[in-house]
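Protein chains in written order, with our numbering: chain V, 1 to 355; chain D, 356 to 538.
Check the hints yourself; a few may be wrong.
Stated by the list, open to error - Only pairs whose alpha carbons sit at most 16 angstroms apart, straight line, appear in this in silico EDC-like list of lysine to aspartate or glutamate:
id, chain 1, residue 1, chain 2, residue 2
1, D, K508, V, E3
2, D, K492, D, D530
3, V, K181, D, D530
4, V, K162, V, D207
5, D, K441, V, E342
6, V, K302, V, E342
7, V, K266, D, D498
8, V, K302, V, D249
9, V, K266, D, E358
10, V, K266, D, E523
11, D, K475, D, E523
12, V, K181, D, E523
13, V, K154, D, E387
14, D, K441, D, E359
These are computed hints drawn from the structure, not numbers from a lab.
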Amino acid sequence: MKELRLMKGNEALAEAAIRAGTDAYFGYPITPQSEIIEYLMHENPYERTGMVVLQAESEVAAINMVYGAAACGKRTMTSSSSPGISLKQEGLSYIAGAELPCIVVNIVRGGPGLGTIQPSQSDYFQAVKGGGHGDYKLIVLAPATVQETVDFVKLGYELAFKYRNTVMILSDGIIGQMMEKVELFEQMPRENKDYEWATVGKKPGKDSVIVTSLYLKSEDQEKLNFRLQAKYREIEKAEVRFETIMTEDAEYLFTAFGSCARITRKAMEMARAKGIKVGLVRPISLYPFPVKIFEELAPKVKGILTVEMNAGQMVEDVRLAVNGKTKVEHYGRFGGIIPSPEEILNALEQKIIGG
Amino acid sequence: MTEEIIIAGFGGQGVLSMGQILCYSGVMQNKEVSWMPSYGPEMRGGTANCTAIISDELISSPVLNRFDTAIVLNQPSMDKFEDAVKPGGLLIYEKNGITRTPKRKDINICAIEAYDASVKMNNTKVFNMIVIGGFLKIKPILDLENVIKGLKKVLPERYHNLIPLNEEAIKKGMDIITYENKL
Numbered sequence: 001m002k003e004l005r006l007m008k009g010n011e012a013l014a015e016a017a018i019r020a021g022t023d024a025y026f027g028y029p030i031t032p033q034s035e036i037i038e039y040l041m042h043e044n045p046y047e048r049t050g051m052v053v054l055q056a057e058s059e060v061a062a063i064n065m066v067y068g069a070a071a072c073g074k075r076t077m078t079s080s081s082s083p084g085i086s087l088k089q090e091g092l093s094y095i096a097g098a099e100l101p102c103i104v105v106n107i108v109r110g111g112p113g114l115g116t117i118q119p120s121q122s123d124y125f126q127a128v129k130g131g132g133h134g135d136y137k138l139i140v141l142a143p144a145t146v147q148e149t150v151d152f153v154k155l156g157y158e159l160a161f162k163y164r165n166t167v168m169i170l171s172d173g174i175i176g177q178m179m180e181k182v183e184l185f186e187q188m189p190r191e192n193k194d195y196e197w198a199t200v201g202k203k204p205g206k207d208s209v210i211v212t213s214l215y216l217k218s219e220d221q222e223k224l225n226f227r228l229q230a231k232y233r234e235i236e237k238a239e240v241r242f243e244t245i246m247t248e249d250a251e252y253l254f255t256a257f258g259s260c261a262r263i264t265r266k267a268m269e270m271a272r273a274k275g276i277k278v279g280l281v282r283p284i285s286l287y288p289f290p291v292k293i294f295e296e297l298a299p300k301v302k303g304i305l306t307v308e309m310n311a312g313q314m315v316e317d318v319r320l321a322v323n324g325k326t327k328v329e330h331y332g333r334f335g336g337i338i339p340s341p342e343e344i345l346n347a348l349e350q351k352i353i354g355g
Numbered sequence: 356m357t358e359e360i361i362i363a364g365f366g367g368q369g370v371l372s373m374g375q376i377l378c379y380s381g382v383m384q385n386k387e388v389s390w391m392p393s394y395g396p397e398m399r400g401g402t403a404n405c406t407a408i409i410s411d412e413l414i415s416s417p418v419l420n421r422f423d424t425a426i427v428l429n430q431p432s433m434d435k436f437e438d439a440v441k442p443g444g445l446l447i448y449e450k451n452g453i454t455r456t457p458k459r460k461d462i463n464i465c466a467i468e469a470y471d472a473s474v475k476m477n478n479t480k481v482f483n484m485i486v487i488g489g490f491l492k493i494k495p496i497l498d499l500e501n502v503i504k505g506l507k508k509v510l511p512e513r514y515h516n517l518i519p520l521n522e523e524a525i526k527k528g529m530d531i532i533t534y535e536n537k538l
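For reference, chain V alone in the conformation it holds in the complex (with noise of 0.2 angstroms):
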C-alpha cells in the first residue's frame, strides 16, 4: 500500500531527508524554511535512523559542518533560504574543490539584501552561475511540487555521489509553505560505506587520504579544473532533465521553472480556451540547462515567453538555447510579489503576440 498524505512542502521534504538514509543534517533557521530543522528535531530521527540533527550556531557553520560529514563519506544536507545561502557560499567553493557530495536546499525568498519572506527565484544566477569563486557547478533541481520535491533528495543523494557534486535543491516559498498529496518512498538505511576518498582513519598499508581544495603548484591546480570541468561536461549529457507540456502543437511557447511553471500552466490553460495555442517547456535541471530542447523547439515557434519571479535571470539561458532562431521575452515579478495567471497570458499577448 502507498503512503499518501498531505504535508507541506518544508516538512515532506525533512522527511525525506531521514527517509533517504541521511546521516547528517545541519541548520540554521530561516523563514521561509524553519519548518524543516523543528519537523527534523520534531521527528527525532537519532531513534528512528541514528541520523544526525544539529542547529549550527550560523549558516556558516553549517555548510562547514557538511564539509567536514562529507569529507567522511557520509550523507549530508543543510538548507537555509536566500540570505542564509548567500552566506554559504564560499563553503559550496571548498566543497566543490574538494570534491564532495551533499545537498544544499534553498527555499528562496525575495532579495538582495535581507530582502522580503515572500516567495522568489532571484537566486536562479547564484545557483546555475556559480556565487562562489572559482570554475565549479552545481547540479540544480527545482522541483515544481512537494511530490517533486521529496522525489529530488533521493535522487539528489544518487547525484551528489555519483559525481561527487554539490546538488542544490533550488525551491521557494511557495513550494516550501503549501500542502498537497505526497507518496513517501520507504525508509532507505544508512548506507555507512567506505569510500576511498573518505577520511575516516588512515588504514594499514594505504596512503593518507588528504581532503582539501588548496593545490599551491599551479599545475595540480590546473589538472584539479581539468578533472572538474571533464565531469560537468559528463554532468551535462547525463543529467539533463525537464517536462514538456503541450508542445507538439504549440505556435508560441511558455517557459519557467518551480512554482513559477505551475502558475504559468494555469496561463497556458487559459490561453488554450482562447484558441492561442501555447505549450510549455519546464526545466527541471537548471544546472546541466536543457539546451537542446529549446534548440529544437526554437525554429517551429513564433515566439517564447519566460516567466520568472525575479528581473530576468533563466531567460538569458534560454536565449543561448535558443540562439536567435525565435524571439525571446522576460516577463517577471520580484521582491515577493507572485504573478498571477492573468497578468501572464497577458504579457504573452503583449509581448510575444502582439509585439
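Starting from the known structure of chain V, arrange chain D on it as the hints suggest.
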C-alpha cells in the same frame, strides 16, 4: 469539478485549519488538493488567509487571484477579496464584525452568524466548523462522511472525542447559512 477557494480572516479564527480540513476531506474523497497559506507577519495578529483548491484534475497554480468562492471572516478580508470572486461565484461572510456589507450584484452572497451560533453551543472554537458547514450546504462538493475522516487526520488523537461536537457544528452551519443575493 474544480473549486478554488480563498478563506480570509483574523489570525486565530481558524482560517488556515479550515483550508486544511477541506483539503484533507478532499484527499479522503480522492480529489486533487492544494493548500497555500499566507505566512507573512500578518500571521501574528493581523489578517491571515489561505487558498484551498479541490479538483478532479491535476492542479496547476496553487496561487490565484480569482476565486470560485471567498469565505471572509472580517472587514479587511471583505475589502480585499470581494472583488476577487469570479462573476457567478460565491461570497460567504461572517456577519459579526462586518461594517460594510458586500456590493457585488453579479455573485451569490451568503451570510452566516457563525460566531453567535458558536457562543450558543458554548464553544467558540467550533466557529470555523460552523462556517465550513455553511459552505458545504451551498456547495456540496464534499460528503460529510469524508469531512469527518478529514477531521480525524487533522486533529491529534487526543482530541478525537471532540469530533461529534465538530460534526454538530457543521450541521449547525448548514442550518443557519442564508442567501443575501442569489443569482
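Straight-line Cα separation of D/K492 and D/D530 no greater than 16 angstroms? holds, 8 angstroms
Given the hinted pair V/K162 and V/D207, is their Cα-Cα distance within 16 angstroms? Violated - the C-alpha atoms of V/D207 and V/K162 are around 23 angstroms apart, more than 16 angstroms.
Holds or violated: V/K302 with V/E342, Cα cutoff 16 angstroms? violated, 21 angstroms
Holds or violated: are the alpha carbons of V/K266 and D/E523 at most 16 angstroms from each other? violated, 38 angstroms
Hint consistency between V/K154 and D/E387 [alpha-carbon to alpha-carbon, up to 16 angstroms]: Violated. V/K154 to D/E387 sits at ~24 angstroms, over the 16 angstroms cutoff.
Pair hint V/K266 and D/D498, alpha-carbon separation not exceeding 16 angstroms: Outside the cut-off at roughly 28 angstroms; violated.
So if I understand the rule, the pair passes when the alpha-carbon distance is 16 angstroms or less; does V/K181 with D/E523 pass? violated, 28 angstroms
Assess, step by step, whether the Cα of V/K302 is no farther than 16 angstroms from the Cα of V/D249, and give holds or violated. Distance of about 12 angstroms is within 16 angstroms: holds.
For the pair supplied as a hint, D/K441 and D/E359, confirm whether the alpha-carbon distance does not exceed 16 angstroms. holds, 10 angstroms
Given the proposed pairing of V/K181 with D/D530, does the C-alpha separation stay at or below 16 angstroms? violated, 32 angstroms
Tell me if the straight-line CA distance from D/K508 to V/E3 falls inside 16 angstroms. holds, 14 angstroms
Does D/E523 lie within 16 angstroms of D/K475 when you go C-alpha to C-alpha? holds, 12 angstroms
Hint check: violations occur at hints 3, 4, 6, 7, 10, 12, 13; the rest are consistent with the structure.
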